[in-house]
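S.K.: Spelled out from the first residue to the last, the chains are:
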Amino acid sequence: MAGIPSDTLPGRLEKIRDEDFGYDQARHLLLRAGFGGTPQQIRTLAGWGVERAVDHLLEVERIPYEATPDQSFDRDIVRPFSDAERRAYRQAQRRGDEDTLARLRLTRQQMQRQDRRQIGAVQRWWLERMIETPRPLEEKMTLFWHGHFATSYRKVEDSFHMFQQNELFRAHALGNFGDLLFRIIRDPAMIRYLDNQASSAQSPNENLARELMELFSLGEGNYSERDIKEGARALTGYTYADDQFYFNAENHDRGGKRILGARGNLDGDGFVSAILGERNCADFIAGKLYGFFALHPEDQTATDEIGEAAARARRQLAAELLRARYDLRPVLRTLFTSGHFYHPDVVGRRIKSPIELVVGAIRTLNAPARDLGVLIEATALMGQQVMLPPSVAGWDGGRSWINTSTLFVRQNTMNFLLTGKLPAGYDALAEVATFDPWPLIEPLSELDPASVRDPEKVSDFLLRFTLGQSPQPARDALLAFAGEHDNAVTPDLVTGMLVLISAMPEYQLT
Amino acid sequence: MCGKHHDTPSTPAPRSALHLNPSEAGAYTRREFLGGSLLFASAAISVPAFMQRSALALPTAAGGLSSIPGAPEDRVLVVIQLGGGNDGLNTVVPYGFDEYYRARPGIGVSEEQALKLGRGASDPIGLHPALEGVKSLFDEGYCSIVQGVGYPNPNRSHFTSMDIWQTADLSGTGDGWLGRFMDSECCGFGNGANGQAPADTQTTNHPPISLGREAPVALQGRRVKPVSFETPDLFRWTGGDIHPSLERPYQQITDNGKPDQDNPVAAFLTRTALDARVSSEQIRRAVSLQPLVRYPQSQLSRQLQMVAGMVRAGMKTRVYYVTHGGFDTHAGQGGANGRHANLLRQFASAVRAFYDDLKAQGNEGRVLTMSFSEFGRRVGQNDSGGTDHGTAAPMMLFGPMVNAGAINRHPSMRDLDDGDLKYTTDFRSIYAGVLGDWMGVEPASVLGGKFRKARVVTA
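Keeping their order, the protein sequence lines are chains A and B. Terminal number for the first sequence in this note's numbering: 513, no gaps in between. Terminal number for the second sequence in this note's numbering: 505, no gaps in between.
Chain A with its partners taken away, still in its complex shape:
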């Protein structure tokens, strides 16, 4: 990387020197703190300098963007049996009235089918938002929280609740972690997903209490089994009705409890407060943020030096988080403006998640999105279907994204985006939106109009833009391809080069 001495990774997060923040750093910032930028956007941010660039990404409220109205989705598709229906069902069961039973079951099935259609619409809506948003970090953090507080439609089976939860993550995307934690124990989708809806003083369910500490706030080993039991009691009666949180006082255990460092007649808020009072909580959240934006956990141990530097960086972020009373922005600002974040041991070391790959390709290359449903399916085949994380632990990420199978899907999805070549069975949808690669190489011509006709300059420019570097074998392959087409730089040739670049292993990195 130009301008940065490739010494060992510093553990201390100190602001990068102004003269070290250029095109490559702005490119990296846009990729990690968003979904990547076009060459023009990269140049704009590079021109602003690191502080203004980071502010631009963090202070999302300054950029107007319409919220999605609640009415965009039907909240009434899923509803419990009405009293009359329940009576009819029980009566039919007693009488062995198979007809009525079958009719009632059919109604349920139709409702579920309709709701499965709506969750598809919710998925497409979010994907579109990630592609469109002028506030990329807001959506990136929403994606972070979706993986952190992983909740799956497969069990929730209520698309409107999934939508509501997604909006909750967006509202608190760059806000305060504590606020979010107080909200998540009141979130209908989460309550359903972790079985708290019927938890009562007589039979408390421990699922939510356990995951609240293990996966959402403290990490394994930082609480006792007793904390789980007492925490579960604190959460009894936390349920929902009519798409809203509902505190069922009758089911709530009012007795005295001792959770972590707190004691008293603790309810859910008391439980969350006790959690937020733990140093481990800040350590855990800072570690998750560092793992998401900087080095994936499995790469933090690449060498001893990297391991130590990463540990130090995480500690500094945790201290910052405590100082800011769990406000997220100061922590992210420290990370995104640090020299550490732009060090060669951090840049280009992450495997793109499927969402990052797809959304990033559309945003950076200015490719047509073509068909959102096909793209949702493609990301699912790559192992990441939003609204359907594999478990409460979310997606592992890192190397687990990649095997020979998912690599082909990634490459072929890029072929689809760049050329519109459709998969089998989708012919009816063939939308012949053409991809125009020319604006991408436009910045080249500003310096020297002749350079856009020079395959070498075009290759180097595209490689630096897409891969952050221009490795010799990649360059050779692109030039050989250009040679086969008389070295005439046409839009098609540029598209062909991008097809090849997106098939390079390095394209999977960010």
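These are computed hints drawn from the structure, not numbers from a lab. C-beta: ideal position from N, C-alpha, C; glycine also. Among the hints, erroneous ones may be present.
Simulated restraints, written as ranges between beta carbons of each label pair [what the hints assert, rightly or not]:
#: 1; chain 1: A; residue 1: Arg106; chain 2: B; residue 2: Glu158; range: 29 to 39 angstroms
#: 2; chain 1: A; residue 1: Gln205; chain 2: B; residue 2: Arg385; range: 27 to 37 angstroms
#: 3; chain 1: B; residue 1: Leu216; chain 2: A; residue 2: Asp100; range: 26 to 36 angstroms
#: 4; chain 1: B; residue 1: Arg202; chain 2: A; residue 2: Asp86; range: 16 to 26 angstroms
#: 5; chain 1: A; residue 1: Thr103; chain 2: B; residue 2: Arg385; range: 24 to 34 angstroms
#: 6; chain 1: A; residue 1: Arg97; chain 2: B; residue 2: Gly164; range: 53 to 63 angstroms
#: 7; chain 1: B; residue 1: Asp144; chain 2: A; residue 2: Ala244; range: 44 to 54 angstroms
Dock chain B against the given chain A, drawing on the hints supplied.
M.R.: Okay, now just chain B, sitting in the frame of chain A:
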């Protein structure tokens, strides 16, 4: 979900609000733009396939297959999923019970039609007449039928019950049971190791292969992810379809990629890319071989033919997964003939051809096949000439290594649970038998609990 997005019109292709409007990009002249070679003029016309979860990690020349001490590595398990809830009572017919005929006046299979399994008066059962292929395997000692398989508090939702079978967990959550098996093979889960995969796991391990659009939950491990493709033709990089001149530089990229010593993640990707290309060719070659026997025409049959081809080519894959759907026969399922009979005939003739092929190859002793369905159906037929979701049902296993014959007695036709059969064998004890006696692992470490091993494999 599940591949149905395209049934609703999708939103028009969005553009980033931050994007430049291409028409504002004045950097190129109109002549330059129109002067494009139209290299890809035909690209928008669909050429099959882009999103197949394809490929598979085969050992590369340098990969060096790591051997697991004590595990019989050449043993293969093929799972056939009968989707929709196969009617067990019309698969293994309890012709000796009046209750059966009383409950199924329109769809019952008569004693004369049933292919008797020779259990005599104490357990008078026979196969549906469409299952001739299964009957012949049964007579040769190649088939084991376990009766009354189910689990406690049966769930009647297709989704949930399928998840329960696939995760071997009664809550239906968590990783797939075969995924956990693969994890334990590759990363030492449950064997006291730390559960971390070695950095190059993907190149020394052979993920399970599913032949279908979606890989089933059963094959999803924490570390090991399945490979899946519908047809081998879709199982490759599709860039060459866009323009042939892209093929050579693509090969150049994947073959000449030098693992970057300074960037272990890049090195991992470079190795995987090479694996992908090599294994794609290998699989397509394996599957394009002319099979040694004639297979009937059906989707299941084509899938099993591909599996046989891969086994024959010496691939190291240990778990294959195929599916045969359409068993949700709520209406007009028919009796000895009809819809359900056709499904059973396709199943039986495909399995028969599969073992004929394996025998001709000399590989039959390496391949155990197990079929299952998420639930059986209710004892009584409904008013539409079909059956609704039920509970326990028989399970079948095939291959010369099976404990041949009918295992257990038919579940009671009299002692019902609200019109449903009561299960007598927990399906997880069959998994335990397969894992312990065939795949060579400690079942408890994979199943997360101790289950009596059903004696389904004698090898």
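S.K.: Indicate, hint by hint, whether the structure satisfies it.
M.R.: Verification of the supplied hints:
Our hint of 29 to 39 angstroms for arginine 106/A and glutamate 158/B holds, since their Cβ atoms are close to 37 angstroms apart. The given range of 27 to 37 angstroms is broken by glutamine 205/A and arginine 385/B, whose C-beta atoms sit roughly 48 angstroms from each other. In this structure the supplied range 26 to 36 angstroms holds for leucine 216/B paired with aspartate 100/A, their Cβ-Cβ distance being about 30 angstroms. Range check, arginine 202/B to aspartate 86/A: about 23 angstroms between beta-carbon atoms, so the 16 to 26 angstroms window is met.
Between threonine 103/A and arginine 385/B the beta carbons are some 26 angstroms apart, a value that agrees with the proposed interval 24 to 34 angstroms. One distance hint, 53 to 63 angstroms for the beta-carbon pair arginine 97/A and glycine 164/B, is violated here, with the actual separation near 43 angstroms. In this structure the hint that aspartate 144/B and alanine 244/A lie 44 to 54 angstroms apart at CB holds, the actual value being about 50 angstroms.
Going down the numbered hints, you'll see the structure goes against 2 and 6, while the others check out.
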